[in-house]
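Those protein sequence lines, which keep their order, are chains A and B.
Here the first sequence is numbered in my numbering, starting from 1232 and rising by one per residue.
Here the second sequence is numbered in my numbering, starting from 296 and rising by one per residue.
Calculated from the structure, these hints are not laboratory results.
Treat each hint with caution, since some may be false.
Keeping only pairs whose Cα atoms sit at most 27 Å apart, straight-line, the calculated DSS-like set for lysine-lysine is [as the list claims (entries may be wrong)]:
| # | chain 1 | residue 1 | chain 2 | residue 2 |
| --- | --- | --- | --- | --- |
| 1 | B | K350 | A | K1329 |
| 2 | A | K1329 | B | K395 |
| 3 | A | K1329 | B | K298 |
A few chain A residues facing chain B, derived, Cβ under 8 Å [to be verified]:
| # | residue |
| --- | --- |
| 4 | P1274 |
| 5 | S1317 |
| 6 | L1321 |
| 7 | L1330 |
| 8 | G1335 |
Only a predicted model underlies this, so the values are computations on that prediction, with no experimental measurement involved.
Glycine residues also receive a C-beta, built at the ideal position from the N, C-alpha and C atoms.
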Amino acid sequence: DAGVTQSPTHLIKTRGQQVTLRCSPKSGHDTVSWYQQALGQGPQFIFQYYEEEERQRGNFPDRFSGHQFPNYSSELNVNALLLGDSALYLCASSLDEKLFFGSGTQLSVL
Amino acid sequence: SQKIEQNSEALNIQEGKTATLTCNYTNYSPAYLQWYRQDPGRGPVFLLLIRENEKEKRKERLKVTFDTTLKQSLFHITASQPADSATYLCALDGPGNTGKLIFGQGTTLQVKP
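Bound-form chain A, shown alone (with noise of 0.2 Å):
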């Protein structure tokens, strides 16, 4: 049973540009968010999605977006990058309160 698989694992952009990042959650789950982690610290919420649908958002602007499809599979998409949103962002799959990780995408924003 594969686990949570996130792409790319590695990313550089320059800042302004666009970037989707891309989640297939564990077999059976439904409802996926996606983290921010910044180096040294813990996971931020971003949003999590549920039957296709934004059920939760963090404290993130317009500029970070995401989908679901059908399928649960799901995507984060950032425009007008920032040096600061260089992080490791981390997709989540669930099915109850215990959450279960991707091993992330290292994006840098030069």
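With chain A's structure known, arrange chain B on it following the hints.
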């Protein structure tokens, strides 16, 4: 807003000893609290969940306590091993039982042989 604090300094202990990590929170009464382990370059891995009506929970060498009066959780690893070296994150659910988790900044544990 909710605030979670974990020991920001790394915890260094000798193999075989018990490691105790602390998680304090303010401005909120969570329905449950979770602990995760994170290794460098990897995503967090779920370890234990404890609910507000539970005082203590155990899983193998791990023990978690939850004191809703003190607004504190303690995480213990008994008979620690070098393989237990990692960053440990505490997380609590956001208001309204929405499934949104709020994480602390994590405590790095180093177990020396």
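- Message: For each hint given before, does the structure comply? Return the numbers of the non-compliant ones in rising order.
- Response: Violated hint (a single one): 5; every other hint is consistent with the structure.
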